[in-house]
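Chemist: Residue numbers (the numbering used here), protein chains in the order written: chain A, 26 to 947; chain B, 309 to 431.
Derived by calculation from the structure, the hints in this document are not laboratory data. We treat Cβ as the ideally placed atom computed from N, Cα and C, and that holds for glycine. Take the hints with a grain of salt, since some may be wrong.
If you want a taste of the chain A side facing chain B, the calculated C-beta under 8 Å gives, among others [to be verified]:
no. : residue
1   : Lys85
2   : Glu87
3   : Pro90
4   : Ile133
5   : Leu142
6   : Asn279
7   : Asp280
Chain by chain, the residues run as shown.
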Amino acid sequence: MDIGLPTYHPKLLITAPKIHTDLLWDLSLLFVGLAVVYFLFVFFFRNKLSSKTKGIALKKKELTPMVSEFLFYDPNSAREDQDTYINLKIEIRELLKDRFNRKVLTEILMDLQKDLLGDTLLRLFKLYRDLGLQHDAFAKLKSWRWEVVSQGILELTKLQVPESYSFITKFINDKRGVIRKQAEIATVTLRPEGINYFLDTTRYKISEWQQLKLLDVIRNFEDYQPPSFKAWLTSTNRDVVLFALRLIKYYNQNDAYASITQLVKHKNDQIKSEAIGCIKEFYILEALDTLKGVFWKCRTDIKLLLLDAIATLGKEEDIPFLRLVESRESNFVVRSKALHAINTISPETIMPTQGIQEHLESDSWRTDALAFEIEEGDVPAALDAKDAVMEQEATDEAPKEEPSNASLEHLASPEETPLPVPAEEQILLSPEDLLELEVNGEEITALSLKRPMDEIIQEFDTLPEETEDDRILLDFDFLPLVVPNTQEVEKTHRPKNDAEKEQDVFMDFSVDSWTAIQSLEVSYEEIPSVVEDIGTEQETDLAVQSLEVVYEEVPMTYETVEMVPETPDTHTIEAAVTVEEAEDTAIDFTIDIEKNVRALDLVYEEIIPAREEDLVDIENERDIFLLDFLPLVVEKGESTPIVSDATVSPYSQSVFKQLFLDKGRYSKILLLDTIVDIGDEREIPFLVEITDKESDPFIRDRALEVLNGISERNYRVIDVHGTVLESEDFKGSSIFRQLFWSGDTPSKLMLLEEIEQLGDQKEINFLKTLENFPVREIRERAKRVRTILQAQQEEMSGTEAESGAQRASRTSSLAEGISEIAFELQSMPDARKKEPGFQNSRGHMPLDFCFLLDELNIKPSKAFSVMDVDFALTHEFYKRQMEEEQESGKEGVKNLQKENGEDSLWDILLAFPIKIMEKFNG
Amino acid sequence: MTKNRILLAEDDELLASLLTYRLEKGGYEVSLVHDGKQVKEYLGSHMPDIIVSDIMMPYFSGIELIDFVRNELGSAIPIIIISSAGNEENVLSAFELGANDFISKPVNISELLIRVGREIKLV
């Protein structure tokens with residue numbers, strides 16, 4: 026019954042072809058047959074090979090006693106032995122007619138030569154030739170198969186057939202590598218002069234391994250007299266040159282100084298490094314200049330070798346170069362090596378600086394002990410201890426030019442000064458002693474406190490005058506201002522009247538007694554001095570007569586600084602700097618300036634606060650903010666205490682000019698670095714002059730860097746062709762500029778990508794300068810980014826028109842932001858830690874702080890590098906700032922940006938330093 | 309006059325053959341073995357006057373041989389080790405375990421004869 030169950034009918038998508046069963050059987054049989062044949066072949070050849078091996082082994086067993094008999098045959102042996110020997114000889118002659126036997130015999134001898142030494146080995150060589158087996162080897166040389174030829178050469182080499190030398194040498198330049206290498210070793214092995222022939226004729230590369238094997242061959246020669254390998258330093262084959270250098274080094278052939286020195290300039294790094302190794306090994310002092318000359322064009326590994334060689338050969342004169350490397354080189358390893366080299370040449374020149382707590386001095390216990398004794402009332406004992414401290418410093422610190430700052434400081438510290446020092450127990454130091462010490466201003470001041478100032482001045486006055494020629498140069502780079510102005514000198518020597526004292530805002534000082542100085546609170550000292558006729562470089566033996574002290578600047582306290590921020594309405598800065606008037610002292614110091622800022626020719630001076638709490642009398646937190654990072658703006662005529670002649674432009678008074686002219690190349694570069702550290706805008710004309718007149722392109726470039734750094738705006742730019750471009754086009758320096766130049770090519774490319782995201786009009790100018798950059802990729806990317814930015818700027822200028830009120834509001838908010846940042850910085854104790862004396866201008870500053878300064882058109886007083894930014898501080902600072910903003914509900918900088926619709930850009934900017942830091946950290 | 313018996317343990321047959329020939333010619337009675345097993349078997353039934361052994365052997369290295377002779381057999385017979393160049397560490401180990409002398413490959417057979425003779429004389 027059909028119940029209508031569904032029936033399954035599969036639909037075949039692929040229809041298998043119909044194959045005849047017989048065909049399948051046929052194919053199976055075929056493959057089985059092929060497998061059987063294959064296995065039969067394998068079986069057959071395996072058996073053949075094993076039987077051959079067995080046959081060889083049997084033959085070896087048969088022939089080995091014969092070989093032993095021949096090897097150890099003694100002509101003086103018994104008659105019976107001689108008969109046996111003759112019988113064996115006849116037997117072996119018969120055997121040698123068979124090729125297989127000859128082959129086995131050769132194999133036996135080849136095996137044995139590996140394990141034998143001495144006279145047995147020599148007998149073996151003789152037996153090989155006596156049996157005539159070398160003819161088979163010669164026949165192999167004619168084979169077309171490379172393995173056979175190679176085997177023939179090997180036999181002739183191992184079994185020492187010198188007659189084969191001329192047959193083998195023709196394979197030295199064989200195109201087949203195995204034969205060529207075998208022939209090279211054979212040529213060198215068979216005859217002692219083979220190395221000469223080989224080096225003369227080889228045209229192919231000699232691998233490192235091959236060089237080692239060749240060296241192993243020739244060093245095992247007995248009584249070998251190596252040729253003078255310097256002959257091959259001129260080879261056109263660079264591997265021959267390299268091998269020759271290695272052989273020169275190995276055989277200590279130190280008679281090729283000039284050639285080796287020349288090879289340091291070779292374009293091949295291997296040769297270069299080998300030449301440097303030879304220079305170091307042979308202590309070729311004449312090569313030092315060459316080493317320094319090629320340094321900048323070398324790769325990192327070669328630079329390290331060069332620095333290593335300089336460390337070995339160098340002297341004190343080379344330290345400036347090493348310092349230059351340390352300052353200019355971007356690679357950390359190279360910088361480290363440079364520092365190591367400096368310390369190798371002059372131990373402990375570079376001291377640890379990172380993480381050193383300067384207030385923890387090793388001698389602090391002496392001061393503590395001294396203070397304790399004073400408290401206890403044991404004054405004579407305290408004075409003895411004080412003497413001991415002085416003596417300790419005089420003896421312990423053998424290099425007198427590096428006295429311990431700390432010890433000098435604590436001698437003049439307030440804890441000590443109240444001592445009622447009897448006249449006969451005063452520590453007397455002559456002016457010569459004082460000036461022999463290479464001290465900074467503070468140290469000199471501290472020392473001078475040990476005796477009445479007028480006594481020291483009198484002593485200077487009574488010193489016999491010397492002619493200009495007798496004067497000796499003292500390296501006073503550390504001093505702030507040196508004015509080779511005869512009027513100044515005269516002015517200094519004659520006593521000042523009261524009117525002059527009043528005019529001199531910085532200098533109104535006379536010390537009558539020890540107690541007067543005791544009451545001073547030392548915060549900032551300058552000892553400007555004049556060294557005239559700087560012509561020679563005798564720096565250590567200082568003659569006091571050669572110095573003419575123009576001004577002695579005394580310790581002073583900048584107690585209160587009140588500054589009203591610049592506003593669009595007034596453009597006035599009111600600065601009042603008063604100095605605490607000590608009744609018993611002669612210090613009378615007051616500055617009260619109220620001038621229109623725009624009418625002034627600005628001169629920047631850094632203010633170093635004596636105490637943080639004394640910095641600002643904050644009347645209104647919203648209006649007055651700390652500006653110790655900003656320049657103190659004073660009137661030109663009054664702000665140049667050193668240059669009293671108001672008609673002389675302060676810019677022409679660069680202290681470095683005369684020094685620069687008298688120095689050599691490396692010293693000039695070092696001097697430029699010094700300008701970076703302690704120079705200010707007064708050096709700008711001098712630097713401009715260098716960029717105009719200096720013939721050395723390297724110095725000119727460096728001067729330009731320093732110039733742009735000091736001015737914080739591009740005065741000039743040198744394009745890729747070395748042409749100096751003038752300033753106007755490059756004003757409004759891009760914040761990315763310094764970062765760009767300090768990075769390598771991948772970093773530059775990354776930075777360009779960031780500029781594409783963040784850049785504005787300033788970056789367009791910067792990008793223009795990159796369109797001639799030597800690296801094509803950077804050039805093209807810069808061009809592309811500039812095009813994008815230009816388009817963006819055009820678009821923005823069309824759509825955005827910020828009103829005046831909005832702009833004022835924005836400026837006000839920015840000022841508020843900068844105020845908060847300034848306070849924030851002040852509240853961080855280490856954020857702007859100032860050292861007494863002359864300051865290093867590389868103060869750390871958050872990156873976006875630069876943006877704020879830029880928005881307000883405020884220039885920092887000193888140059889700083891973007892690379893010096895303390896990123897950790899910045900990150901922490903912003904974190905805190907944002908937290909505070911959230912808590913207090915203040916309108917912070919971030920909110921300001923958000924209101925202006927720039928929140929994303931601002932976020933990117935905030936994250937930018939961290940991103941950069943992460944990239945640099947890998 | 310009885311000949312001094314030498315046990316020569318060397319796995320390289322060619323060199324072993326050559327050394328055997330030379331030592332026999334030098335007046336010694338040489339027993340040649342090629343691996344560590346044979347050495348143990350031989351020492352189970354014989355005690356030579358001197359053993360000359362390669363360090364590197366199948367089954368039983370020269371170092372183990374010294375240890376076996378000195379500690380298990382408690383014998384003080386002279387043992388001269390043949391070592392490849394660059395195998396100084398093994399040589400030091402061999403000396404620490406009680407080897408009397410060593411000679412390096414490639415072998416100077418004349419030197420070997422002198423050393424063997426000296427060791428036997430010392431005994």
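Chemist: Please go over all the hints and tell whether each is borne out by the structure.
Modeler: Comparing the hints with the structure gives:
1. A distance limit of 8 Å between C-beta atoms decides the matter here; for Lys85 of chain A the minimum to chain B is near 7 Å, and the interface restraint holds.
2. The interface hint given for Glu87 of chain A is violated, since its Cβ lies 11 Å from the closest Cβ of chain B, which is over the 8 Å cut-off.
3. A distance limit of 8 Å between C-beta atoms decides the matter here; for Pro90 of chain A the minimum to chain B is near 7 Å, and the interface restraint holds.
4. Because the smallest distance between the Cβ of Ile133 of chain A and any Cβ of chain B comes to about 6 Å, under 8 Å, the interface hint for this residue holds.
5. Using the Cβ-Cβ criterion of 8 Å, the hint placing Leu142 of chain A at the interface with chain B is satisfied: the shortest such distance is roughly 4 Å.
6. Hint on Asn279 of chain A is violated. Least Cβ distance to chain B is approximately 32 Å, over the 8 Å limit.
7. Taking 8 Å as the C-beta contact cut-off toward chain B, the hint placing Asp280 of chain A at the interface is violated, the least distance being around 35 Å.
In this structure, the earlier hints numbered 2, 6 and 7 are contradicted, and the remaining ones agree with it.
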